[in-house]
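Peer 1: Assemble the dimeric complex from its two separately framed chains, guided by the hints.
Note that the protein sequences, when read in sequence, are chains H and W.
Per my numbering, the very first residue in the first sequence carries number 14; after that it's consecutive.
Per my numbering, the very first residue in the second sequence carries number 22; after that it's consecutive.
Worth flagging that the hints you see were computed from the coordinates, not collected in a lab.
In this text, all values refer to a predicted model and were calculated from it rather than measured experimentally.
One or more of the hints may lead you astray.
Incomplete in silico selection of chain W near chain H, CB under 7 angstroms [what the hints assert, rightly or not]:
id: 1; residue: I68
id: 2; residue: V115
id: 3; residue: L148
Each residue gets a CB set at the ideal place from its N, CA and C atoms; glycine is no exception.
These are the residues of each chain, in order.
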Amino acid sequence: MVSEHSDDPVGETAALALKILVAGGFGVGKTTLVGAVSEIRPLRTEELLSEAGQLVDDTDGVDQKVTTTVAMDFGRITIRSGLSLYLFGTPGQDRFWFLWDELSQGALGAVVLADTRRLEDCFPAVDYFEHRHIPFVVAVNCFAGSRTYGAQDVSRALDLDKGTPVVLCDARDRDSGKEVLIRLVEYAGRMHTARLLDSVG
Amino acid sequence: MNEELRGAPRELGSQWYDNEAGPLVRPYAMTGGRTKPGPTGVRFDLIALVTLDAGAPGVDDDTALGPEHRALIELCRPETQSVAELAAGADLPVGVVRVLLGDLLELGCVTVSRPVPPAQLPDERILREVIEGLRAL
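Isolated chain W (complex conformation) (with noise of 0.2 angstroms):
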């Protein structure tokens, strides 16, 4: 048993890193350990909407930017993502992604929709088109 082990270092290697270890990357090393994003911080919600601005650096440009930060502007470049789709398709925390989010958006890579405030819900108008699209399903 012990000659296997010494006989397969990488192996062993590998085991520590399993995924019930959690990820190797720990999300406060992500983002610097901040837990809310800048100054400019408003807290994103999960379906606000990110849409990739023109100051979005491309995938070959030499920046500052992590590689959290690239993988944020990559998917949100084929089309709009909300918060709660960019944070399963970077399978990041959405904590850690509102953080990543808040830099990106003060550098300008992004523009955040802001959600519907609960007093302005959507007007009839709306919500005809969303019953008439759900029955067109």
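This is chain H alone, in the form it adopts within the complex (with noise of 0.2 angstroms):
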């Protein structure tokens, strides 16, 4: 007899592999967060870009460059045997961003990583989640020495849609990214379950 599950596309056996993206300017603790909570130490891929490189770089006068090469740190979290949750550091330059588009097809949701002392920074990586509403996180990590700012401060700053969430961080502990990573997924949940409701009502 059929199981009960045989509506369900992914059933207990198949192996679910779930994609979160850290974002956030340079030197912000992209990497140092994904090491923190990742379970293996945090691996790097590499992507070689030719072909896709022309669509966004500017080549006219520089026809003799091929390739570039851009970095990607990811981490993993296993949950259980058949779940897994894995970490993408996204390229932090602005002309990579194609390549975060393919990083966040399929993405449950991305961390943008945000230092008071330049939150400009972040700009582009809210910009570009907000408008293809990717459900993202704000995480401020707390440098040693910078002024503290309250969540709400830096929610205005930003000038963040309502809800989003703003968390306070320490990149470099394992518990508070933990505790980020966990505000992004409720976040997740229910932007999820809005969006489902929504196309029913």
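Peer 2: Have a look at this one:
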């Protein structure tokens, strides 16, 4: 007899991998956060850009340039056998945004890491995820010596959509990083449910 | 200075092939010049999961597969791997791994899971499981 799961495309036995992006400006602690929560040492993958790069790079006058290498750091958290979470640190430079498009395909959501000393560095990431309706939380990495701001202040300064969570964190701390991820998954779940209700309503 | 160099030709040679010069075998050589997987080619997501199939050759089997293909097979042998992990493990660019995986898929050596389409994000049950799993870490 067919089991009760026959209408479930993701059966209990099928392995499922979920993807979370970690974005933010250069040096804000993306790889540190990935490393703090990952069960494996952050791994590095490289993407060779050639034809893909031509779509966005202005190659006029630099025809000789053939390939660029862009590196992405990633980590993994195994929830249980057959269910794991992959965290990808997105490449910082704007010109690699087409890679974000690929990375964000099917992503559960994103963490935008912010540093209050240069908040503007995370504007592009906030814009990117807002425009694509990808659930994200802003995690303020509280660097030692930087003035502390409340979550409200950061939310206002970034002009975030109402409801977008802002979490203060320490990217080096495992528990702090876990809390950020939990807030994101909770928020992604709420966003997803709201969208489903919209579509039937 | 010159004499020293002449006295140590091997070291001189190794200097030419340092990391900065890039890999000795160029990526296009490993893929036979291809930049996309073969006719069945779907673009494998970074978190697409690769599982070894029964049809995969063993370590000592004589096959026409190249060293990079074999390296990928060996990486999958202990446990299912994501495309990103394979690229990091084999120290190959993701684009190259995608092409090689396309070959392995066509040869029936591996199964590659399709990533979750954006419209069907995991249901609440799985999200709850993820949250509980994270809390328990």
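Peer 1: Does L148 of chain W pass the interface check with chain H, least Cβ-Cβ distance below 7 angstroms?
Peer 2: 4 angstroms, holds
Peer 1: Taking the least C-beta to C-beta distance, is V115 of chain W closer than 7 angstroms to chain H?
Peer 2: Holds, because the Cβ-Cβ distance from V115 of chain W to chain H comes to roughly 5 angstroms (cut-off 7 angstroms).
Peer 1: Hey, does the I68 of chain W contact hint survive, CB to chain H under 7 angstroms?
Peer 2: Check passed: Cβ of I68 of chain W comes within 4 angstroms of chain H, closer than 7 angstroms.
Violated hints: none; the structure is consistent with every hint.
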